[in-house]
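Chains as they are written, first to last, in the working numbering: chain A, 1 to 392; chain B, 393 to 526.
If you're looking for bench data, these hints aren't it; they were derived computationally from the structure. All C-beta atoms in this analysis are idealised placements derived from N, C-alpha and C, irrespective of residue type, glycine included. Do not rely on the hints blindly, as some may be mistaken.
[As the list claims (entries may be wrong)] PhoX-like mimics (lysine-lysine), calculated; alpha carbons at most 20 Å apart, straight line:
1) A:K392 <-> B:K457
2) A:K310 <-> B:K423
3) B:K437 <-> A:K310
4) B:K441 <-> A:K384
[As the list claims (entries may be wrong)] Distance ranges between label pairs, derived from CB positions:
5) A:Q235 <-> B:E475: 58 to 66 Å
6) B:S444 <-> A:Y112: 37 to 45 Å
7) B:E475 <-> A:K115: 22 to 30 Å
8) B:E484 <-> A:L322: 33 to 41 Å
9) B:G499 <-> A:T266: 30 to 38 Å
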Amino acid sequence: MDSIYLDNAATTPVSDSVLSAMQPYFSEKFGNPSSIYKIGQKAKSTLENSREEAAKLLGASPKEIIFTSGATESNNLALKGVAFHWSQNLGIKPHIIISSIEHHSILDTAEYLEKSFGFELTKLPVSEEGIVNPRELEKVIKENTVIVSIMYGNNEVGSIQPIQELSQIIKKANEKRENKIVFHTDAVQAYQYLDCDVQDLGVDMLSLTAHKFYGPKGVGLLYVKSGTKFLPQQQGGAQERRQRAGTENVPYIVGMVEAMKNAKKTGKEIADLRDYLIERVTKEIPDVILTGPQIGENRLPHIASFIFQKIEGESILINLDLLGIAASSGSACTSGSLASSHVLTAMGYDDLLAHGSIRFSLGKMNSRDDIDEMMKHLPQIVEKLRGMSPIK
Amino acid sequence: MADMYSKEVMDHFMNPRNVGEIKDASGVGEKGNPTCGDIMRMFIKVGKKPSSGGQGMEEVIEDIKFQTFGCGAAVATSSMITEMVIGKTLEEAEKISNNQVAEALGGLPPIKMHCSNLAADALHDAIENYKKSK
Ligand SMILES: Cc1ncc(COP(=O)(O)O)c(C=O)c1O
Ligand SMILES: [Zn+2]
């Protein structure tokens with residue numbers, strides 16, 4: 001049997017057009033954009049063209065785009081850069097606000113700043129569907145709040161956050177403030193399907209990583225609205241307007257921008273497939289909980305995650321893996337650890353239930369056939385594991 | 393994912409031995425905690441046989457069954473230990489350690505050693521439960 005890949009929120013394959021766009025920049029047009037001779041300057045203009053295109057796609061201006069090694073770096077740069085600017089340049093003890101369902105690259109960074117530097121951290125609660133209530137943000141903003149970071153779409157349960165409403169609240173709070181609160185969003189999972197125009201969203205910073213939308217791994221960007229103050233976190237060369245030292249990864253940047261151009265921004269087809277999956281799983285398997293928003297519009301088009309009660313996620317995944325079917329339990333990184341998902345815990349699920357979670361995430365390679373094939377096996381796998389379970 | 397486990401682990405995970413419960417069990421044990429994501433329950437049936445020394449009788453595990461909520465390692469260690477202790481005296485069974493179970497399976501991935509390797513503890517709990525109820 002061919003393998004079936006249902007883990008597109010973890011990563012996606014590089015598309016043909018992306019690969020061919022990147023190809024010339026490895027050996028043929030290999031110059032360093034900082035070099036003054038011809039091939040260097042050619043690389044420089046390729047880089048700046050890419051920046052211009054990325055900016056246009058985000059409704060930003062080119063000087064507001066910083067290329068990075070991916071969203072983990074972008075998220076680290078946003079939180080640390082802003083918080084350290086306040087603590088070091090303004091002498092203020094920073095207060096950071098995030099949601100309780102952020103990706104580990106935000107959550108762990110914020111907790112690191114709290115534990116190692118004594119900064120203040122507030123994690124906003126979410127509803128049982130995994131959505132932040134803007135009212136809650138209003139309540140926790142303080143005088144020393146420096147940055148609010150709320151993801152656009154959650155990677156585990158697919159819940160879409162009300163970014164525009166949150167932005168309004170921050171704008172209102174900023175009216176009376178000298179030092180403006182920075183609003184950052186991790187738009188990694190959303191980029192492909194939702195409007196990511198930074199003006200529409202009303203964000204000051206936005207993170208992307210290319211490999212979630214058919215670009216290469218190890219490249220991303222951070223949009224930083226002009227005038228937003230932050231301390232660079234890498235020292236070295238003068239690249240990226242002195243904001244991110246290190247020779248620019250030209251082939252990968254070219255690849256990312258090609259992938260950004262190809263992103264369809266409409267999730268209709270994928271959402272239909274997702275709804276087909278949800279319907280079959282919830283109808284054909286007893287004692288299943290669909291986690292995250294129950295209404296399609298509040299959910300990313302590509303993510304459907306479930307709790308299979310009385311059994312444990314990994315044991316389901318291994319059975320699927322042996323059949324050549326790839327899915328994940330929560331996020332790719334948590335499947336390597338034993339702790340249950342902080343996202344499901346924040347949504348109010350107890351540990352036992354949280355351990356039974358499986359995420360399916362769809363991509364352009366998937367069709368109904370994949371779901372039909374998967375559903376030939378999943379009900380039996382669940383039944384077999386339940387037969388072994390001490391939980392009745 | 394299946395690749396992170398040994399052949400023996402995968403064999404026991406896919407074809408677990410002695411799954412189920414013993415209705416009139418002599419002892420029942422349970423180990424694990426939901427935070428880690430593994431819960432094991434062991435049922436033992438204790439019988440008597442002439443002791444190997446020739447004098448009197450000794451108590452042996454005549455039958456054992458398990459139920460497990462957990463990962464591949466949790467299921468495989470549960471299954472493995474049931475094979476290891478059938479017919480053993482209680483004294484012998486009490487000496488079996490979690491590490492011996494892991495070894496019998498050709499080893500476990502390091503992160504699984506701490507949380508999921510609890511089968512011997514569950515068995516010991518069942519033996520204790522039997523002794524207390526005597
Ligand atoms: C929501 C979210 N943020 C950040 C990241 C980190 O991206 P990367 O590993 O490419 O740095 C991921 C992907 O793992 C993600 O899903
Ligand atoms: Zn385990």
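In rising order, the numbers of the hints this structure does not comply with: 3, 4, 6, 7, 9
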